[in-house]
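Chemist: All chains should be modelled from the sequences, with the hints used to inform the complete structure.
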Amino acid sequence: METSSTEPIRPNPDNLLRAIAADADACARGDNERRGRLKIFFGYAAGVGKTYAMLEAAHAAKEHGRDVVVGYIEPHTRPDTLALLDGLEQLPVREIPYKGITLREFDVDAALARKPGLILVDELAHTNAPGSRHAKRYRDVEELLHAGIDVFTTVNVQHLESLNDKVSATTEVVVQERIPDRIFDYASSVELVDLDPDDLVERLEGGKIYGTERAETALANFFSKKNLAYLRELALRRTADRLNRNLERGLGRAAGDAGDDVLVHVSPSAGNATVIRAAARLAAAYHGTLTALVVEPVDDQKPSKEDARALHANVELAEELGAHVVTVYGDDLALQIAQYALSGTISKIVIGSSENSRKRTLPFLPPRESVGSRLAKLSCTADVVVIADRHEARPASSRPLTARFKPTRTDFAAAFLALVGATAFGLLLHEAGLASSTVLAVYLMAVLLGSLKADSFFYSILVSPLAVVLFNYFFQMPRFTLTAYGLNYPFTFAFLFVTSMVVSSLTIRMRHEAQMNARKAYRTEVLLETEHRLQEANGVDSILSTTAEQVIKLLRTTVVIYQVSPSGRLLDPIPFASGNPDEDVTMTSLVGDDERAVAAWVAGNNKRAGKGTGTLMNTRCLYLPIRGKDTVVGVAGIVLADEDLDAFEKNLLLVMLDECGQAVERERSAEDAHRIRLKAEQESLRANLLRSISHDLRTPLTSISGDASILLSSADVLTDEKKRAIYTDIYEDALWLVNLVENLLVVTRLDNGTMTLKTEPELVEDVIREAFHHLNRKAALHDVRVEVDDPLLMAQMDGRLIMQVIINLVNNAVTYTPEGSRITVSARRAERGQQPGSMGLVAVSVADDGPGIAPADRTEIFTMFYKGKNVGSDARRGMGLGLALCKSIVEIHGGTIAVDALPERERTSPDRPGTVITFTLPAVEYEADHAEAEQRAAAVAAGAYDEGGGA
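In terms of our numbering, the sequence shown opens at residue 168 and continues consecutively.
It is worth saying that the hints were derived from the structure and are not from the lab.
Among the hints, erroneous ones may be present.
[As the list claims (entries may be wrong)] Each computed PhoX-like pair below joins lysine-lysine, with the alpha-carbon atoms no more than 20 Å apart:
1) Lys817 with Lys687
2) Lys620 with Lys573
3) Lys925 with Lys817
4) Lys544 with Lys515
5) Lys229 with Lys206
6) Lys889 with Lys817
7) Lys817 with Lys774
8) Lys303 with Lys687
9) Lys817 with Lys472
Predicted model only: the values in this text are computed from it and were never measured.
Modeler: If you want it as structure tokens, here you go:
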């Protein structure tokens, strides 16, 4: 079915569903996490009525029950506007002394403390006074929006960053206070406050906007009818353009409808800001992305402070306009731009006219081909756009000759050693009778070797003519004069000069490029190593410390890391010293209250702050948030020197911090999943315990109550033998209940984490014999033995718990073997530990010659509630807790427990493979003289326990 061109465009259902889901999530998070809504009252000049319209809208909102507060209104001499302040709550302004005067500024802290539903903040593009939290008022507004406060504000069209050049070109007035276009484009709503220019001029002449003298000056300059008509048209167009962008953003773009990506070259040129703004407008018009390319030279010469400051400002402007900043290295500007454009999806390349001019390499050489012409040849897939920037400036990669050929001591030393060495060696060859061509090769080799150590191209200019002079003076006839005869000498000298110049210059350039590539490769290697180390890190603290170490490797500067807890609380800082002796910082100054306050602001607002930013600038560090998917998991403080980070280092740093945030979030997600899994297991355990207790307690309690009822009702008619049998049944059922309760108590302590070990050296044989006093009475029907090779064998243990392990193992053997079976409890010293200083292990085994355990069941017997398949009448009463409890107790002692069949030589019958359960404990070395050892052994041997007769 075809759709007619007049049919309205239908929204994409998937986009609508995503929008509804996002709104639902916002509602679910609650008001504390809801981002505030921004409404801009937009005009084209002062006096059109923006503030008046904003105050009227505030009164209407208050009538509808909104909590409205006036945060800041510019002082006006307009009575109609001031009258609208009546009836509205006003926050006190913040007074800041500056150069002998008092400046009145909006108090963002008071607004956050009051936290109204709606606040009015006039003049969005205002520059705050020095000492304020933010350099710009629009950053104050962004903080209010982040806190969930709705904001009404005002702004004029000339304050939009992307339109600044157009406004200044027409009005001849450069507006210094500007806001990024993203603030305007992503505002919740924009209300255009329009007024006919003739009416505005009439108001101005009537003194309703400015005083008489200021009004006359304004009418003669900025407020001319021509300027006002142009600004009004610009405001109308920009408002319509915003509506179109929002419509496209809401409807979604068709699949495959990729826009034209734009690449702009960023340099320190004064006119580069104009080029960047034009590129941003071009990217917006073509619905593409904007990439800002910085081309750094390969030499080691640092730019001047003025150039570095200008480049940093232009890079920040590109970032404010939504550009992705990339740094490449090379001396050929056109080649570097073209290569990057060809490697991506760039379809538009934007450069300034000052960069496109044809320059001379040397005064006597013809001008080089312009950058634009070379780009058109090199980048066949992209259009080249040259913007008139009206500035004469050199591009960033074109160093002045004084910088490129600035001599250093190394240049002089390399030239001196090369020429002296070549001359001395040449004299030896000349005395040996070799031809002068050999000496010529020696000079070329010496010049080449010297260029490997030279710093600048001054070496080439110095060494090339001197090599010609020395070669002529010492080796050409007549010798030791500067006179030369023969037609071939000029060609020889020219060959030596040109070859020396070219070879040395190329060598120096290649060495600089190799050094730059090595630095770039090192930084990239640090990034890759960071990813690998973060994957191996275990725990949040390890992840953050690993990130700090990698940042130090990248930037060679001190780092301070703050962890943000899942509840949003900023934890104590951890400083990581770089070891750089040039750093003039102390750790106490980096973790002071002022620094912590900035880090807390970054954690709460998810934005960077500190040195080098427009927010809380008076700090020692640049503070960057370490972001997870939805939250801030930490804050990194980077100690900066006077110079700022270059674009390449900044990009790598942000990538490293993003990887750190993702790793922390994965770790916390894994911890949450582990806690949820443990909680589910605990809930399952409790449910199983309740089911088992309700079922298994019924049998012994019924038996006890039944036996007691018989004794109460028929004691006179029962024989003594029958009474003894009933008493025995009651005792055995009560003993079973006691053992069950003991096991349940231990399981409960293990489950809630309240189990505390009280380990101390214990004689193993003493613990075994003490455990035998608490065995099932039916153990007397079995052949229970103790075999301990060393009566002084000791182990580190909690005797009470290990005695419970032995009781459970022996009772288990009694339950699952027929009467008369042999049960042996043995203890021996196992192998010593592999690590130096290890005391070894003690192995305790409980063996029986019963029917044994099937191999398939051996892996299950230590599982909670597992009762086995060879279940007799006594076993049916068990809950399957005993062996699982033994395993838990042994493991918290640091030991292991395992099950196996009896060795064939120890079996009493071929059809009875038997069972051996062995657990280990840490051994304890002891020192005792022989007399004491013999006394202790004799005391043990004289005990009341009969090894042959059982318990």
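Chemist: All the hints need checking, so say for each whether the structure fits it.
Modeler: Hint check results:
| no. | hint | verdict |
| --- | --- | --- |
| 1 | Lys817 with Lys687 | 13 Å, holds |
| 2 | Lys620 with Lys573 | 15 Å, holds |
| 3 | Lys925 with Lys817 | 54 Å, violated |
| 4 | Lys544 with Lys515 | 14 Å, holds |
| 5 | Lys229 with Lys206 | 16 Å, holds |
| 6 | Lys889 with Lys817 | 92 Å, violated |
| 7 | Lys817 with Lys774 | 15 Å, holds |
| 8 | Lys303 with Lys687 | 35 Å, violated |
| 9 | Lys817 with Lys472 | 19 Å, holds |
The structure is inconsistent with the numbered hints 3, 6, 8, although it conforms to all the rest.
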